[in-house]
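Using the hints, build the complex out of the two chains.
Quick mapping for you: the protein sequence lines, in order, are chains X and U.
Quick note on my numbering: the first sequence kicks off at 1 and runs consecutively.
Quick note on my numbering: the second sequence kicks off at 1001 and runs consecutively.
FYI, nobody ran anything at the bench for these hints, they're computed from the structure.
Each residue gets a CB set at the ideal place from its N, CA and C atoms; glycine is no exception.
There may be inaccurate statements among the hints.
Covered stretches of chain U, going by a simulated chain X footprint (3 or more residues, C-beta under 8 Å) [claimed, not checked]: (1) 1013-1025; (2) 1098-1104; (3) 1245-1254; (4) 1262-1272; (5) 1308-1314.
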Amino acid sequence: MTIPTSSIEQVIPGQGSMAQPESVRPGKAKRQRFLFLRNGKAATGLVILGVYVVLAIIGPWITPYDPSARGNDLVQPPSADHWFGTTHLGQDVFSQVLEGTQSVMFVGFLAGTIATVLSVLIGVTAGYLGGKADDTLSALSNVFLVIPAVPLMIIITSILENASDTLIALIIGLTSWSWNARVLRAQTLSLRRRDYVEAARATGEKTWRIVIFELLPNLTAVIASGFVGTVIFAVLSEITLAFIGITSNSGWNWGTILFWAQGQQALGQGAWWWFVPAGLAIAFLGTALSLINFGIDEFVSPRLRSAGKTKLKTASGGTVRMRIGFTPVLSNSAEPHTHARPLPREAVK
Amino acid sequence: MKYFLQRIAFYLFTAWAAITLNFFIPRLVPGDPVQSLIAKFRGQLSSEAINSLYVLFGLDDDRSLWSQYIDYWGQLFRGDLGLSFTFFPAPVSQVIGDALPWTILLVGVTTIISFLLGTSLGVVAGWRRGSWADGLLPVTTFFSSVPYFWLGIIAIYLLAGPDSFFPSSGGFDSGLIPAWDQYFIPSAIQHSLLPALTILISSVSGWILSMRNMMVTVSSEDYITVAHAKGLSERRVAVGYAARNALLPNVSGFALSLGFIVGGTLLVEIVFSYPGLGFILLQALGAKDYPLMQGIFLIITISVLVANLLADVAYMLLDPRTRKEG
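Okay, chain U solo, but in the shape it has when bound (with noise of 0.2 Å):
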């Protein structure tokens, strides 16, 4: 317990340093980016989304540094991100809120079945080396070598198309209405194949990888040699006892590898035109929206803070030793 509260305690701090960074960024603009922003829109932002933007960028009145952090908090408990102008009138908010579920449904499922998957295919490389598993590891490291984003460029080219099974961009069909009923489901999963196998490819290997090598370690320790002693049969053996100890930093790697594959899944989102993050962050980027690249900036981190923490959670369930103390 005493564990698991530490583990809180660190992901707020986090959070809250998180959130601090993305208070100072837009105030380490040089210049007044407000007046270029207006003279970029040409008089078509009204003037509540140029006041919005003033507060963004710390340029409004002459208030001190410390008040405007307390409003930004003030705001944050709100959820009040501000206005996003390549929706506009929409509140970031609300974009965020429309996308969200879009990326965390491929994301998090296409990331589980990858670690599921790698790590069992790991457990074989380890346990049956020098066999034709060790054959997987050029393969994959070409793989986990190449940009997501181009392997969903590439998936594209080969396996989409107007013919296809496979539809080449979008969450779901032009015709349909986003609703949980029978032709919205199926017409989003199939949407969702191609970028969650682009996904699952390029992210597979590595885990492949480390629980190869972990595996590999823990197989010269005595517990597995003792096991080996008692006749246990070989399966029982290689799951039972040397995955089972071998996968513990393979979980804790998981946590930690999240930030960088939610940041290449965002691109394999812009490649497919899939509804999710990384495309609404496309289209802020595009037209300089700062309010939602920030929104956006924002809740991926807290995503991959709550990810975190269940990954620990996960990581307690497996190893007694965390549960002892305290």
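Next up, chain X with everything else stripped away, as it sits in the complex (with noise of 0.2 Å):
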């Protein structure tokens, strides 16, 4: 009977690749680093996501019509002059899409940079400091939480009239910091009692070295894991204040391409081409986000990885399977070779 390989090394305390991460050796960690590609989620999402960025890059270029120009075809299925067919006013859709990644991109990873910086900021201070200045930033943090964001970026976004994507970043970034500020919180307090903290700060190193040099990068997974996480949210934010027409007409973004859809009975007329494209555009992109997130996920702790095949059969021609911290016992299995024989029950009293 042969048992996965991956599965017994998940089972090993302190063989994960995450167990012991300080005691990585400097010439190690380029060969860590490439763990994390070999992890088909991890590479999947990465390569998706290449793919809209360099389309973020040349998109505008390579279009083969203004996205804003009128044609005279309107409302025309998708053919081999409009890949995915025409708007109202004869605009070719593909070029929309594709001039649109941009700002997606652009507004996507700008806020998530943004709250990104605020969540360490703020979590990892409310984490390490502890006492009065973790509380008032825990309770800033939760009020964030708890109110709902969308609703306030629409308000906001609607009073400024006409807000460009940079702004659209700032309000989404300011906005949806609170979640992964409190997720740092909670990890720079477990991390900040582990002896090597508290070797560091016994040899007398500053506090700002502490954090920046000993707990940050052990953080790097959480807060990579954030950062993914708040693009997928600005994204669809993104694209949620385009379709309900309160950004700035000027530019494309797939948000905009579904606003004009849906105000001019794209789908009572039927043209599905006008809206799907821009719907898969940003379910792919979200999808290969979120791969890219359970690979950091599975990267950090083994043990979510998806066991593959765990069902095995056994010579006998039955069923075992395979489980974590668990040793399959056959009911029709042999004696087990063993020289230890259970003892008489008279012995053990």
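In structure tokens form, the structure reads like this:
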């Protein structure tokens, strides 16, 4: 009976990929990074994300038509000329989707960066300092966590008329940092009492040095997954804001396309090509980012990996399911070949 | 009990913060928004509405910010949220009062079903890791990445139509008058099925995933091994030992993600023209009806706070440790 080696590695304590990050020698750092890429989910996600980034950069140059230019083919289904069909004004939907990638990626990453910086500042400070500072900062992030972010964004954006992409990213970033701050605070709390941090403190390292060189490297995975999560949220939020038509209408993004499709009764006309591509673009981007996040999660906590094939056939034809922490015992298996025989009952007493 | 009082104090504080935020947002608008609104409506605004706008934006006479703030609280306690000019001359509180039950029923029922369903599926996926249940994950990931409203559009396109069982818009048949009778209720339920399904499909995957990950974490705990060693049935170990402990983080997650879910469901209402808060919010946005927008934000926030409080009560019932102290 063969047991997949991977499942054994997961069980052995201290052999997980992140079990003892501080003890990894510098020479091995490179291989650790490759390990992350070896995770199928993370690699798939990164490849898809890479395609989006490339499209965001070169998109405006390779659009076959000017996305705002009107044409004579109104509401045409996809054809060789217009890959994704045309709108009510004869605009090319394919060009609009390509052009829109830039705005979506820009807002997603800028808002993600703003929120991540804020959450690290607030979460790590709260977790490390403790006491009054912690109480205040935790209360602040809990308040932001409970107040519904999307309605708040909608109100602010609609009051600041014709908000630009940068402003939208700023609004999204400022309203969506709280979740990560909470996670980071919890993680910092558990790290700050570890021996190596205590040791650094005892040798008289300055607080900022401890935070930057001792704590942050060990928070990398949490920060990265928070960043990716915020990017997903920011992309969805930007598209939501554009879809209800309260952002600036000068540029294109996927939400704007959906806004026009909805406003011009694309559904009633059966013009599926008008709203399906933009929605799928969002869905694939979101899936790619989620896959990266699963990859990070599984990298940090190998237990979460899909276990692959856990049902094994035994020689006698029965099946047995492998699980963490259990040694499968087969009812029909042969006597175990051990020297230790169970003692008779009397002997135990 | 101490825990409970702490939570209540926190929610009161949050409510205060939200209300104060609501007070300051209109005051951040540069220039004179009232003049531009008056110009936009070309004299169709009554002097009463113009007055309430000046009060809203803090542009009325030269009173101090503090006395404006006190007045604002006074208005709130009287239930006076100003006048809506989309539904002029109805006061904002009445417009919101008409829409709120629709949203609460749709979102409340759907969210609870989604939570229960997702958690149960997550228990199975986590317990039977490596079986067919892992195949659920990529599918649910994809659905959770789709915006709620886009899924709604697709649902309308594929399922609704003039001949279909599912109506594509509205909350009830146009010929009916809202009442608790045998004509209205079935019609309302029929109209809510498709929006509810949309919200369910988009939101269920988050619960599946978080519950699965908690189950995987919990199932290697010592007490699970002990339960197995005792010879308890698989089912009993999974439900009574693993799931019971894995549930706790999911319940607190439920409270925290309500705000996100509500944001998404507003959009679903817009797509389905469902007569709830999201739909009137869209109308308010189109007409720059600031008093109505502010009122909606306030009501949504307070509803989310109340729902959070209920989730905390559920958490207290589930976790004896929170009851022990004090």
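Report task. Count the residues of the segment 1013-1025 of chain U whose CB lies closer than 8 Å to any CB of chain X, then report whether that count reaches three. Result -> holds (count 6)
| Are there three or more residues in the segment 1308-1314 of chain U whose C-beta lies closer than 8 Å to some C-beta of chain X? | Per the Cβ count (1), the hint is violated.
query: If you look at each residue in the segment 1262-1272 of chain U, do at least three have a Cβ nearer than 8 Å to any Cβ of chain X?
result: holds (count 7)
Please verify the coverage claim for the segment 1098-1104 of chain U: does it have three or more residues whose C-beta sits within 8 Å of some C-beta in chain X? violated (count 0)
| For the segment 1245-1254 of chain U, do at least 3 residues have a Cβ located nearer than 8 Å to some Cβ of chain X? | violated (count 0)
Checked against the numbered hints given earlier, this structure breaks hints 2, 3 and 5; the rest are met.
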